[in-house]
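Participant: Chain by chain, the residues run as shown.
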Amino acid sequence: MANQKLFKGSLNTIILKLLDENGKMYGYEITQKVKLLTKGELNITEGALYPALHKLESEGLLEVEMLKVDNRLRKYYSLTEVGSKETVNKLSELEAYLKTMQTLLTPKLA
Amino acid sequence: MKLSEDQINKLYEFTKRHYVEYYDVQTELVDHLANGIESQLEEFPNRNFDEALTLEFKKFGVFGFMDIVDSKVKAMNKKYRNLVWHLFKAYFSIPKIVISATLLSVLLILMKLIDPTYVILSASVLVLIVLSVKIFRLKKLQNKRFKETNRKWLLEDMVFNLGASGVFFQLFLQFAIQSPAHIVNNYPILSSIVLFVLMLFMYIIVFVLPEQIEDLLQEEYPEYTLVA
Chain D
1 MANQKLFKGS
11 LNTIILKLLD
21 ENGKMYGYEI
31 TQKVKLLTKG
41 ELNITEGALY
51 PALHKLESEG
61 LLEVEMLKVD
71 NRLRKYYSLT
81 EVGSKETVNK
91 LSELEAYLKT
101 MQTLLTPKLA
Chain E
1001 MKLSEDQINK
1011 LYEFTKRHYV
1021 EYYDVQTELV
1031 DHLANGIESQ
1041 LEEFPNRNFD
1051 EALTLEFKKF
1061 GVFGFMDIVD
1071 SKVKAMNKKY
1081 RNLVWHLFKA
1091 YFSIPKIVIS
1101 ATLLSVLLIL
1111 MKLIDPTYVI
1121 LSASVLVLIV
1131 LSVKIFRLKK
1141 LQNKRFKETN
1151 RKWLLEDMVF
1161 NLGASGVFFQ
1171 LFLQFAIQSP
1181 AHIVNNYPIL
1191 SSIVLFVLML
1201 FMYIIVFVLP
1211 EQIEDLLQEE
1221 YPEYTLVA
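Which chain is which? The protein sequence lines are D and E, in order.
Its first residue numbered 1, the first sequence is counted upward by one per residue in the working numbering.
Its first residue numbered 1001, the second sequence is counted upward by one per residue in the working numbering.
Note that these hints are calculated values from the structure, not bench results.
Check before you lean on any hint, since a few could be wrong.
[Said to hold, decoys possible] Some but not every residue of chain E turned toward chain D, in silico, with C-beta under 8 Å:
no., residue
1, I1008
2, K1059
3, F1063
4, D1067
5, S1071
6, K1072
7, A1090
8, L1121
9, A1123
10, M1158
11, P1188
12, E1219
13, P1222
Note that the Cβ used here is the ideal one computed from N, Cα and C, for glycine as well.
Start from the sequences and build out the full structure, keeping to the hints where you can.
Facilitator: In structure tokens form, the structure reads like this:
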């Protein structure tokens, strides 16, 4: 399994990107989706996911909706308008970071 | 296999036993646990509900639900401060600015007519009395609401506990008691403004927010009307 610490700083971006692609999602669904997409390489822990979701919600990037599903209530998260804009920013930040890392790790010899 | 209503209630009890006292936080955790348990029972049909629950809870790590409750409290604190700030700002724009200007003028006139130190001391005694009575009443009301529904909401708890603003009230009392007489006497306008701002914050925290509790809960929690 990949080093979880390396992913930690990108957790918010991962959540925003998933919500951008899937519309609304609930907590458990996010953990499973990440596991599926990364073929088990990345495992978002419950203890990290919910604090991140609550923080993004309090910053106004996410909004919530409650639906009754199978005898229980389910909390769905989706992007607000501000959240959609922030997703674009975060993704370009991450891309720039990846490029920088690549330059550092595979320097072209002059 | 979907969990029964009984099993869902067991999960609510489980979260309560693990120090999650707020219904809004419990609800999200219950759904998460239920999803995990259902998926386990599907994959391992020989496993029973309790075994699956134990395994699912272990995934939350050694601190259990603590980090999640903490993050929710932090987020709600921010929300609470925003609510107070939003209401506070309204007193400095039309139409409420008229009330603010009138009250501030009354304070200024009082400071001119009576010794400003006495004005501040009288105001602090009044605040103390009102605060004591109101805290007692709010606690009673909160207990009554809890007995009726058996549910505690995080925002409700914050509003009825005055947003843990003990520090703020201490600041008020410090200002009232410790203000050196020469500062108060030499700067009556500044003293009036500080006194007014502190009293306005107190009024919002102690009176306005608790009175709006139903609207606040309905706005904050989409599930509030579903379970009320």
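Participant: Could you run down the list of hints and mark each one as holding or not?
Facilitator: Structure-based check of each hint:
1. I1008: 5 Å, holds
2. K1059: Holds. Min distance 6 Å.
3. F1063: Constraint on F1063 of chain E satisfied, holds at 7 Å.
4. D1067: 5 Å, holds
5. S1071: Constraint on S1071 of chain E satisfied, holds at 3 Å.
6. K1072: 5 Å, holds
7. A1090: With a minimum Cβ separation of about 20 Å from chain D (threshold 8 Å), the hint on A1090 of chain E is violated.
8. L1121: 40 Å, violated
9. A1123: 35 Å, violated
10. M1158: Violated - the Cβ of M1158 of chain E stays beyond 8 Å from chain D, reaching only about 13 Å at its closest.
11. P1188: 40 Å, violated
12. E1219: Cβ of E1219 of chain E sits 12 Å from chain D, so the hint is violated.
13. P1222: 4 Å, holds
Hints 7, 8, 9, 10, 11, 12 from the earlier list are contradicted by this structure; the remaining hints agree with it.
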